[in-house]
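> These are the residues of each chain, in order.
Number of protein chains: 2
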Amino acid sequence: MTSLSPAATAERSGVSIDTLRYYEREGLIGPIRRTAGGRREYTEDDLFWIGLITCFREAGLGITDLRGFVAILRAEHSPEDRVSFLRERRTALEQRAAALRRAMQVLDEKIAYYS
Amino acid sequence: MTSLSPAATAERSGVSIDTLRYYEREGLIGPIRRTAGGRREYTEDDLFWIGLITCFREAGLGITDLRGFVAILRAEHSPEDRVSFLRERRTALEQRAAALRRAMQVLDEKIAYYS
DNA sequence: TCTTGACCTGGAGCGCGCTCCAGGTCCGAG
DNA sequence: CTCGGACCTGGAGCGCGCTCCAGGTCAAGA
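Chains as they are written, first to last, in UniProt numbering: chain A, 1 to 115; chain B, 1 to 115.
Since the hints were derived computationally from the structure, they do not count as laboratory data.
Only a predicted model underlies this, so the values are computations on that prediction, with no experimental measurement involved.
Among the hints, erroneous ones may be present.
Which copy is meant is left open, so a pair is good if it fits within one copy or across any two.
[Claimed, not checked] Think about it this way: if two alpha-carbon atoms lie no more than 20 Å apart in a straight line, the pair counts; the simulated SDA-like pairs of lysine to any residue are:
#1 Lys110 x Glu58
#2 Lys110 x Gly37
#3 Lys110 x Arg33
#4 Lys110 x Thr64
#5 Lys110 x Arg34
#6 Lys110 x Ile17
Between the sequences and the hints, there should be enough to build the whole structure, so can you do that?
Okay, here's the thing in structure tokens:
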């Protein structure tokens, strides 16, 4: 199984080493496997998960939201709980998307006006 | 010309009085007309502008971005400058929108999985 | 073995976007 | 004229999401 050093993981994920540690402390990723000497060894799975987290962060979700997301996917919850949680998050994202569309429309109007 | 007290403006715009003052300090709105005694009197135009600012804030633009936006619309800039600035902002918003779509897709997959 | 550099931990620091507070002023109702 | 509440200013405080730092450990190469 290939394993990645912190530096390589930061490189490949586009997330800084400090931020990776921060995410781990906050419970968004990991716990990350360690070598005998205590160094972190990330796996491809970890990398994938980091990608998910990054995707949500870029979409504007906060750390707290993401903690909830992780909890719901990992812990024992009924499918109904999971689905309702996920739907709530989805609705929130839709509202953000609507705000974005409004803002873009305003920009388009201004662009048209000055063009 | 109708004019609005700070409290009424906060009420109608959904932005707190403190935040209205903050936006004014930051140059995002105003300067707001004052009464002889020094109290602020907002106009309908101010309210409209506050709505624009709020729209952009909700879409995720930062205060600095908005200061740039205000500057470009108010100060003397060539139409080309304005348009290129606006297009840049638009592109940034599009990227945010793309991130949102990706995140929503992930949620949809999870929802489908647990449904 | 020694050096060097990547990594470790715990905690402090920082920029953003508000939010709150103290201490004072304005002004309409009684 | 007095009272009280809305408003004023300048500045401190706060939560978030990192980011940086000190002081120490691990491990590969010379």
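> None of the hints should be skipped; say for each whether it holds.
Hint-by-hint comparison with the structure:
Within a single copy, Lys110 and Glu58 get their C-alpha atoms only as close as 26 Å, which misses the 20 Å cut-off; across copies the closest is 18 Å, which meets it. Taking the closest pair of Cα atoms, Lys110 and Gly37 never come within 20 Å of each other, the shortest separation being 59 Å inside a single copy and 37 Å across copies. Proximity of Lys110 to Arg33 under the C-alpha cut-off of 20 Å is found in neither arrangement, the shortest distances being 52 Å within a copy and 26 Å between copies. Taking identical chains as interchangeable, the C-alpha atoms of Lys110 and Thr64 lie at most 20 Å apart only when they sit on different chains, with a minimum of 19 Å there against 36 Å within one chain.
When the C-alpha separation of Lys110 and Arg34 is checked against a cutoff of 20 Å, the pair qualifies neither within a copy, at 54 Å, nor between copies, at 29 Å. Taking CA atoms no more than 20 Å apart as the test, Lys110 paired with Ile17 passes in neither setting, with 41 Å inside one copy and 28 Å between copies.
Hint compliance for this structure: hints 2, 3, 5 and 6 are not met, and every other hint is.
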